[in-house]
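Chemist: When you get a sec, could you build the whole thing from the sequences and use the hints?
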Amino acid sequence: MDRGRDYLLDGHIIELDKVKELIFQAVVEGNELYSVYVELDGDGRIITLECDCPYDYGFVIWRNVDRAVEGTEIVAKRAHEAMEDEDGVLTVRMSLCIMEEMLNLLQSADDSGGIIGGIIEESFERIQEVTQSGDRFSRTEVEELFRLLLKESEHSLLEGWPDWQLALLESASRLAKTSDLLREWEEYVSRMISTQAEETWSGRYFAERIAVLRYRFIQENESRERAKEYLNQNLQFPEFRKFAIQQTLDNDRFEEAINLALEVEAVSI
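The opening position of the sequence shown corresponds to residue 33 in my numbering, with each subsequent residue numbered one higher.
Calculated directly from the structure, the hints in this document are not laboratory data.
Straight-line distance between alpha carbons at most 30 Å, and here's what the computed DSS-like set of lysine-lysine pairs gives: (1) Lys109 - Lys52; (2) Lys260 - Lys274; (3) Lys209 - Lys260; (4) Lys109 - Lys183; (5) Lys183 - Lys209; (6) Lys183 - Lys52; (7) Lys209 - Lys274; (8) Lys50 - Lys109.
Modeler: Here it is as structure tokens:
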């Protein structure tokens with residue numbers, strides 16, 4: 033972010049051309065010259081972002097990663113500005129573009145220094161911040177954000193990265209404040225769970241984390257009795273047994289807590 037700000041202030045964007053209507057090309061001077069191509073929709077929102085940054089030309093060793101992300105950090109600066117301007121849709125669109133670029137780079141780079149992963153995490157943090165303040169957006173904006181996040185959660189680049197998939201689904205769940213959006217979210221995650229192999233560790237992990245998301249949503253939006261019912265329905269998951277143990281301890285039901293703890297220990301062996 034700081035490097036991107038410096039590039040703008042120090043004149044590293046040395047040329048900006050309008051290729052045709054709503055399509056622009058910027059020439060950026062980092063350690064090398066490279067081009068960034070941006071296509072906007074009619075409302076000025078980014079719909080395509082491409083960069084012929086140095087990392088497009090083969091494996092990137094760890095000491096060159098900072099050079100490979102120069103263009104991305106400039107875009108991240110713009111995404112941060114959009115968030116400060118309370119343009120949630122633009123912030124999320126740009127953050128998703130950054131995430132995709134960095135996931136591509138991650139497949140052909142040594143990220144021992146954590147630079148690429150850090151940029152991806154920053155993108156998720158921006159998305160999370162936007163969705164946590166979803167009440168200030170119009171219904172149209174909320175629905176657009178909601179469907180952007182659901183669609184992105186199934187992106188092929190996220191295969192093998194379940195925690196990032198789940199982060200997108202969690203952000204989408206915060207926007208599901210109507211019965212229609214909640215139903216759409218439920219159908220979406222149920223379909224995603226059905227594509228996971230239940231007998232594998234990753235399949236069980238994904239199903240458990242989705243169940244936790246559902247439980248938290250119920251705790252925040254439904255009755256205490258409904259939350260307790262859902263908890264008891266999901267005691268096959270270790271995380272839910274831990275929730276149950278904590279609840280029994282909070283209510284001084286110590287013998288029940290001990291029995292649940294023994295069950296958790298037996299499952300984990």
